[in-house]
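Build the full structure now, drawing on both the sequences and the hints.
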Amino acid sequence: MPAMLTSGLSLQQAPPLSVPGRFFLIAPVFGALAALVLFLHPEGFPNSRWTGAVLAVTHCLALGFFTSIMIGALQQMLPVLAGAFIPRPRLIAGIVWWLWLPGILCLIGGFLHMRPWMFAAAAILAGGALITFLAAVIAALLPAEAQGDSVSGIRFAILALTVTLILGILLAAGYAGFVPLWRPVVTDLHLSWGLPGWIGALVIAIAWQVVPMFQITQPYPQWFRRSFVPVMFVLLAGKSVCALIGNGAISIMTLIDLAIAATLVCFALLTLQLQFQSKRRIRDSHRDFWRLGMVHLIAVCACWIAAVLTGRPALDLLTAVLFLMGFAMSVVTGMLLKILSFLIWLHLSELDNALTLAGKPGVEVPKMKSVINNWVADRLLQLLLFSQALLLLAFPWPSLFTRPAALAWLVFFLFLGWIITRVLLRYREIATAANT
Numbered sequence: 000m001p002a003m004l005t006s007g008l009s010l011q012q013a014p015p016l017s018v019p020g021r022f023f024l025i026a027p028v029f030g031a032l033a034a035l036v037l038f039l040h041p042e043g044f045p046n047s048r049w050t051g052a053v054l055a056v057t058h059c060l061a062l063g064f065f066t067s068i069m070i071g072a073l074q075q076m077l078p079v080l081a082g083a084f085i086p087r088p089r090l091i092a093g094i095v096w097w098l099w100l101p102g103i104l105c106l107i108g109g110f111l112h113m114r115p116w117m118f119a120a121a122a123i124l125a126g127g128a129l130i131t132f133l134a135a136v137i138a139a140l141l142p143a144e145a146q147g148d149s150v151s152g153i154r155f156a157i158l159a160l161t162v163t164l165i166l167g168i169l170l171a172a173g174y175a176g177f178v179p180l181w182r183p184v185v186t187d188l189h190l191s192w193g194l195p196g197w198i199g200a201l202v203i204a205i206a207w208q209v210v211p212m213f214q215i216t217q218p219y220p221q222w223f224r225r226s227f228v229p230v231m232f233v234l235l236a237g238k239s240v241c242a243l244i245g246n247g248a249i250s251i252m253t254l255i256d257l258a259i260a261a262t263l264v265c266f267a268l269l270t271l272q273l274q275f276q277s278k279r280r281i282r283d284s285h286r287d288f289w290r291l292g293m294v295h296l297i298a299v300c301a302c303w304i305a306a307v308l309t310g311r312p313a314l315d316l317l318t319a320v321l322f323l324m325g326f327a328m329s330v331v332t333g334m335l336l337k338i339l340s341f342l343i344w345l346h347l348s349e350l351d352n353a354l355t356l357a358g359k360p361g362v363e364v365p366k367m368k369s370v371i372n373n374w375v376a377d378r379l380l381q382l383l384l385f386s387q388a389l390l391l392l393a394f395p396w397p398s399l400f401t402r403p404a405a406l407a408w409l410v411f412f413l414f415l416g417w418i419i420t421r422v423l424l425r426y427r428e429i430a431t432a433a434n435t
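Residue 0 is where the sequence shown starts when you use numbering that gives the first Met the number 0, and the numbers rise one by one after that.
Quick caveat, the hints were computed from the structure, so don't treat them as lab data. Given the structure is predicted, the values throughout are model-derived calculations rather than measurements. Think of the CB as a built atom: it goes at the ideal place given N, C-alpha and C, for glycine as much as any other residue. All the given hints hold, so there is nothing to weed out.
Listed next, with one range per pair, are the computed distances between beta-carbon atoms: (1) P183 x I281: 41 to 51 Å; (2) P183 x L384: 25 to 35 Å; (3) R421 x G361: 19 to 29 Å; (4) W181 x L308: 17 to 27 Å; (5) R402 x K359: 51 to 61 Å; (6) A357 x S17: 13 to 23 Å; (7) L413 x S348: 24 to 34 Å; (8) S348 x N373: 15 to 25 Å.
Okay, structure coming up:
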């Protein structure tokens, strides 16, 4: 990989591949589980976001799929981007993983069966996993010398995840019967800090590094990189204060929602502009995933603005679906494929260097584009487009398209899981053969 693309990266500090790998592997499993839940419990979709099945699917995706990938990616990228090394990474990853897996399963079971003890167990297990992860990340970031816009964005995303976690534990305690269930105020704040705050901000912060690096574009404008974090913090903090005030601040909350939507649209338009201005004319599936995600993000914001201005509850669920299954799914999937290819190249390069220095035969380091070839990535992209189309058709015609959409998503997640497993097994085979 050219040095100009990796300038500012501390590649030698990357943790073992097993650290992020275990989280990447369980993500499509939870995605497939979400598809199965939707197939078995299509009732209520898409008319309400409050049914147990819809809440189970939402959290299965938001936590089990997206947050699992982001936990894995951050453990790998923090040392590389920020020089923030998490001590004993295998131990921390193991603790988080073993708490995370049953915690999410308890939460899904709680929503499906409305058993208070399941919500209590989910708060303890999944909450404990995130607290452990956040403590390790914050402890690593505090002394980190590396600065930059991506690092600031990651710090803000970690703050947003912390707020989302606190609100989520409060809601789980409400479902468990320990405290009153403050809906919809706390739920809406949980959604705001979790989607545009945690998932959105982390995607944007990582985009500042990976879009120019992998798509050969110019950097994002400095004014946007410098202003995004303070603007989003003020907006989300302001919305939280307005929510506590109550009905007297509804008009201000409306303006804040419009401002958040405008900020996200600005990011989408800037990304599309950078892509179209790129001098690289060779078609790349990674760029296609991002382009699809940006189109969805613009649609998300248009739908969100319509929901805010009209007050129609049906648009709230459509906005969330477009955000998770349109914008986030497209970008995170494309980013995961590229990060996996990069990690295989990085770790095999390190292994090859170590063997050469030890006077042993090296290993063949594959090019990044050959780790996951374009044909496989294109088939996954086509499956994604097909699944997204069926899910959107389920809104006007739920009886016809909800179950077919669920089956399409099941195939998508199974195919993604096969890709991840194949790549990690290939690395393991090469590394094992080199060490024997």
